[in-house]
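Below are the chains, spelled out letter by letter.
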Amino acid sequence: MRRWIAIAAKEVRDALRDRRTLAVMMLTSVLAGPLVLLALSNMLASLEARAERRVVVVDGIEHAPSLRNHFERNTYSVQPAPARWQQLLRESRLGDPVLVVGADFSQKLRDGEFITLQLVSHSANRQAESAVPRVRRLVSSFGAERGNLQLALRGVSPDSLSVLDVDEIDLASARARAARLFGIVPLFVLMAMLYGALGMAIDTTAGERERGSLEPLLGTPVPRSAIVLGKWIAAGGVSLLIAAASVAGFVPTQALLGESMQAMFRFGLREAMLFMLILAPLGLAFSALLLAVAAGARSVREAQAACAVLMLLAGLLPLASVFSDSGESDADLRWPVLAQQVLMSRVLRGDTLQGTDFALPLLACTAIAGLALARVARVYLRPAG
Amino acid sequence: MIEFEGVRKQYRQRCGWRSRPLLAVDGVSLRAGDGAITALLGPNGAGKTTCLRMLCGLTLPDAGRVLVDGIDAAGDAIAARRRVGLLSDARGLYPRMTARENIVYFGALHGMSREAAEVRCEALARPLELGPLLDRRTEGFSQGERMKTALARALVHDPGNVVLDEPTNGLDVQSTRALRELLRNLRAQECSDGDGPTPRRICILFCSHLMDEVERLCDHVVLIARGRVLAGGTVGQIRDAARAGTLEEAYLRLTGAAGAAE
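Sequences listed follow chains A and B, in order.
Per my numbering, residue 64 is the first one in the first sequence, and the count goes up by one each step.
Per my numbering, residue 29 is the first one in the second sequence, and the count goes up by one each step.
It should be emphasised that the hints constitute simulated quantities derived from the structure, not laboratory data.
Glycine is no exception: its CB is placed at the ideal position from the N, C-alpha and C atoms.
One or more hints might be untrue.
[To be verified] Pair by pair, the computed Cβ-Cβ distance ranges are: (1) B:A107 x A:V99: 53 to 61 Å; (2) A:A318 x B:T126: 25 to 33 Å; (3) A:R274 x B:E150: 22 to 30 Å; (4) A:R412 x B:E167: 28 to 36 Å; (5) B:R48 x A:R65: 31 to 39 Å; (6) B:E33 x A:A72: 37 to 45 Å; (7) A:R65 x B:G198: 35 to 43 Å; (8) A:R412 x B:T126: 30 to 38 Å; (9) A:S109 x B:E167: 17 to 25 Å; (10) B:A272 x A:R287: 40 to 48 Å; (11) B:A272 x A:A72: 53 to 61 Å; (12) A:V372 x B:D100: 40 to 48 Å.
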């Protein structure tokens with residue numbers, strides 16, 4: 064057996080024996096993403112159900128029989144606002160905004176005076192907030208109808224008031240729109256993979272130094288390159304295993320999603336394979352980088368502190384596209400982690416990926432892995448002490 | 029055979045933000061022959077561990093040469109390491125692996141097949157009384173059990189040169205006696221890694237600061253302090269050179285004289 068294989072096999076076996084850590088890592092990486100997806104699905108289903116609810120909650124509807132008539136003609140049922148509705152809205156116990164109608168509504172309408180209604184919501188009450196545009200449209204249509212009637216009575220065509228109209232057309236497919244919602248999925252997979260590499264990289268380098276087993280290992284006639292290669296393959300392999308588990312977790316989750324979510328979130332074997340193809344170079348490069356940082360540390364604590372900085376950077380990079388006004392661009396592909404986030408989002412949108420899309424991230428990952436492994440070898444070659 | 033020829037090693041020692049040079053080994057020359065136990069005896073910080081690290085190519089000498097069976101440990105470190113079995117001070121076992129796995133793993137690192145390493149592991153388990161421990165994880169091992177496992181790991185590839193760094197550290201009386209007996213047996217044994225067709229005897233380099241151990245066990249003693257060799261020879265020769273009744277007295281007299289000379 065080649066010696067680097069013996070080292071990699073030992074490191075993987077050693078990591079698999081640490082069952083508690085492994086179980087926690089696998090559970091969080093496999094379950095966290097799908098659970099968030101299910102929570103999203105439930106939230107969407109509830110918003111959809113509310114959007115479909117044809118109910119208007121009105122305080123003072125008895126003052127506006129014509130408005131009630133308009134709502135009912137549009138197949139909406141009118142519910143009077145409950146007592147203490149403001150408090151209920153604040154506490155998110157009322158899921159509809161409340162339309163407040165003044166006692167002088169009918170009088171003003173008869174006199175042709177301008178009427179102002181209040182539509183009360185609470186910005187922290189998501190259900191009520193989501194229904195605001197629907198009620199606003201309904202009330203506006205009442206105003207437009209009354210205005211048009213008055214113009215028609217005076218022999219003026221209602222069209223003379225508006226010379227143009229705009230039809231909004233969104234070029235994004237339903238899947239592309241959904242991808243914005245599911246942007247969290249690549250982030251989960253990425254972070255699961257990177258955290259998978261973290262423990263392994265620290266244990267096989269700084270952990271080995273702290274246990275005192277590094278010196279006997281370096282005292283064997285194994286070339287430093289084989290030691291570095293074995294440790295790298297082990298750390299990279301475990302991180303990819305966790306990434307694969309995390310990716311695989313999303314495939315069966317689809318069956319548990321609501322119908323509309325299922326239509327938007329298509330994640331089959333093809334998407335899973337593409338995800339792994341995108342993630343593999345980063346998993347290996349990031350493992351090398353963590354090894355390089357941890358190998359130079361004198362203790363596990365020092366390695367953890369240094370690696371935490373790397374993890375923070377890796378966690379912040381995908382957020383660059385969130386904070387950027389210009390949105391996603393090909394320039395993002397130059398940055399590891401961000402590039403993988405962008406490519407995975409494209410897979411979720413259903414975009415076709417070209418070979419060139421993979422070239423730049425692959426080049427960046429290869430360069431990082433090469434430099435990092437050279438650094439690990441130098442640390443192990445450097446006369447210690 | 030292990031030889032040090034005018035070996036010198038200087039480190040940079042950190043003092044706050046600055047660092048200053050520290051001469052750890054200053055022109056050490058010594059020879060540890062085959063079929064003998066040679067002690068490297070000296071107080072803490074004398075340069076013993078630095079000498080052993082140079083022997084295994086873990087650190088490079090600034091000047092001089094360290095030869096293992098005539099091979100320069102700095103020039104051809106891999107060939108030199110192949111001929112050395114190292115028992116380091118920290119022992120450094122993998123706690124989640126069994127004693128057998130620890131030993132067989134090091135066999136594989138020395139290029140042995142799994143089967144050959146398993147056979148050798150069983151053979152070493154008998155004299156070391158490791159049998160009941162072989163298939164237990166090493167995380168709960170006592171100091172003595174850890175030392176025995178680490179020693180079996182160092183001997184798995186049947187090396188011609190065995191280097192032991194403070195092997196009796198933390199051991200109880202029974203374990204110390206058992207180790208002493210084992211090393212005497214090892215000295216009488218032959219190994220197969222010599223260049224010639226005939227097997228050769230094993231060279232044992234024993235690093236310690238315990239007079240009693242050295243006096244009872246070693247054929248040849250090299251007294252080292254502040255990175256320099258103060259005296260070399262049998263226990264009797266060192267006593268005579270220092271005009272002392274015991275090795276301890278000779279040690280104190282010689283190391284004290286070295287300190288005064290500084």
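Against the structure, the hints:
1. B:A107 x A:V99: 53 to 61 Å: holds, 56 Å
2. A:A318 x B:T126: 25 to 33 Å: Given about 43 Å between the Cβ atoms, the range is violated.
3. A:R274 x B:E150: 22 to 30 Å: holds, 26 Å
4. A:R412 x B:E167: 28 to 36 Å: violated, 49 Å
5. B:R48 x A:R65: 31 to 39 Å: With a Cβ separation near 44 Å, B:R48 and A:R65 fall outside 31 to 39 Å, so the hint is violated.
6. B:E33 x A:A72: 37 to 45 Å: holds, 40 Å
7. A:R65 x B:G198: 35 to 43 Å: holds, 36 Å
8. A:R412 x B:T126: 30 to 38 Å: violated, 51 Å
9. A:S109 x B:E167: 17 to 25 Å: violated, 50 Å
10. B:A272 x A:R287: 40 to 48 Å: holds, 46 Å
11. B:A272 x A:A72: 53 to 61 Å: Given range 53 to 61 Å: holds, Cβ gap about 55 Å.
12. A:V372 x B:D100: 40 to 48 Å: Between A:V372 and B:D100, where Cβ atoms are some 41 Å apart, the hint holds.
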